[in-house]
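Taken in sequence, the protein lines are chains A and B.
Counting in numbering that gives the first Met the number 0, the first sequence runs from 0 upward without gaps.
Counting in numbering that gives the first Met the number 0, the second sequence runs from 0 upward without gaps.
Treat the hints loosely; a few may be bogus.
[To be verified] Restricting the straight-line Cα-Cα distance to at most 27 Å, the calculated cross-link-like pairs of lysine-lysine (DSSO-like) are:
1) A/Lys226 / A/Lys185
2) A/Lys166 / B/Lys33
3) A/Lys274 / B/Lys33
4) A/Lys59 / B/Lys107
5) A/Lys110 / A/Lys98
6) A/Lys140 / A/Lys98
7) A/Lys98 / B/Lys36
8) A/Lys59 / B/Lys33
9) B/Lys99 / A/Lys132
10) A/Lys274 / A/Lys98
11) B/Lys33 / A/Lys98
For the record, the hints were derived by calculation from the structure and aren't laboratory data.
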Amino acid sequence: MDRIDRRGFLECMAWTGSALVWTSTGGVLSSRMVRPAEAAEDTAGAFSFVQISDTHIGFKGQANSDSAATLQQLLDRINALRPAPAFVLHTGDQTHGQKPGAFDTLAEMLKGVKTERIFYVPGEHDVFLDGGKEYLTRYGKGTVGEHGWQSFDYKGTHFVGLVNVLKYKGEGMGALGQDQIEWLEKDLAPLATSTPVVVFAHVPLWAVYPQWGWVTEDAERALTYLKRFGSVTVLNGHIHQVLTKVEGSVKFHTAMSTAFPQPAPGAAPAPGPMKIPETDARRMIGVTEVKLVRGTEPLAIVDSTLG
Amino acid sequence: MKIRIAVMIGLVWLAGSMMAGHALAARSAAVGIKEFKFAPTALEIRTGTTVTWTNRDEETHTITSATGAFASAGLGHDETFAQTFTRSGTYEYFCALHPKMRATVIVK
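Hey, can you work out the whole structure from these sequences and the hints?
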C-alpha cells in the first residue's frame, strides 16, 4: 500500500455478509475478516474480539431477501473461530426500522454465539420509533445512567461504547451530546497515555460524507480527549462498507453490514440498500488487514478480495 | 327572536360541517418518496384532505411531523402512510431515519 495522506482516507468497498475479527497483541490491534476455523495468534496476553454491525433484522428487499439467513451464516463462521473471540461488539442497527419482533429474533440468534459477552450500541434504526425506549429497556442496564453508553477494560485495553443516534435530528447527523462528551472526558482522565483505547459507536465519528448524514456532528470534541493516547481505534458501522482513515494515532474503521451493502459516498443519487446479484456480491467479498500504529506514521493497510 | 336566530345559525353551521364532512371523504393527495426525497416538497391542500405517502425506495423512510402532530412507522418499499388534515396550518415533516429529508404540507 502506498503511503496515505493523513487528511485523506483510504477506501475499499467490500461486502459479504461478514464480520471482522480484531486481535490485540500487546495493545496493537490488527483486523481480518472472519473465516472458518482460523486460529488466532497464540501469544500470551493476546486476545481477539469480533465486530458485527448493521444486522437489520426485518429487512427484506431486492438487496437481501433474508437478512436473518446471511447473519446466521456469519454467526456459524464466528463459532468456528479458534480460540473463540473474547467478546462481540454489535455496532448498531440490530433491527430494520424496529420491525415488530426483530429485537427478539436477533437476541435469540445471538444466544448461539460462542463468546463470553456481547456489547451493544444502538443504530438509528433501533431507536427512531420510540426514542430508544425499547432498546434501552433491553440493553441500557449496566450502562452509564442507563443511557446506553459505557466503558470497560479487557486485558489492559480500554473499550468505550458511545451512543450517537439519540440526538439524530435536524441536520441529519449523528450526535453525542454534551452529557456524553463530559462523561467521556472523565472516563478517560485517569488512564495513562500508553493505554490502548478502542471506541465503538454506530455512526462514523469522522466526516465520511456529511451530504448523506454520514458524520457525527460533535465527534471532534470527543476526539480532543482521545488524541493524547498512543493507540486509539474507532470502530463504526452505519455505512455498510469498509472505509478506513488514519489521523495521528487514531485509526477509524467502518464495518460492513451483515445484511446489505450501500453505495460508496457520492457514487449514487442517494444512500440505501444496493441491489447486487449474489454472484457479483461474492466477487466483492473483501479482506482488510490493518496494523495499528504508533505516532503519526502512515499505516500499512492491505485490502484484498476473496473472489 | 334571539333564540330563532341562534337556531338558524346553528343549522347553517351544521349544514356547513356536513358539507365539510362530505368533502373530507372525497379529497385526497399523494406524496411520493424516491431517492431520499419527498415529492412534492411543498404540498398545498384544503382542509379535510387525506394525504397518502408511498415509499418507492428500497430503504425504509418515515413521515414524522416536526411538532409531533403525526408520525408513521418505518415504511418499507411500496408501503404507504395516510394522514387526514382537518385543521389549516403549515405542517413540516421529515424522515426520522434521514432527517435531511424534509417537506411541508400547507393546509388552507
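Here is how each hint holds up against the structure:
1. A/Lys226 / A/Lys185: Answer holds: A/Lys226 to A/Lys185 is near 15 Å, not above 27 Å.
2. A/Lys166 / B/Lys33: 25 Å, holds
3. A/Lys274 / B/Lys33: 16 Å, holds
4. A/Lys59 / B/Lys107: Judged against 27 Å, a Cα distance of about 39 Å means the pair is violated.
5. A/Lys110 / A/Lys98: 20 Å, holds
6. A/Lys140 / A/Lys98: Distance of about 22 Å is within 27 Å: holds.
7. A/Lys98 / B/Lys36: 22 Å, holds
8. A/Lys59 / B/Lys33: 18 Å, holds
9. B/Lys99 / A/Lys132: 23 Å, holds
10. A/Lys274 / A/Lys98: 21 Å, holds
11. B/Lys33 / A/Lys98: Holds, at roughly 21 Å.
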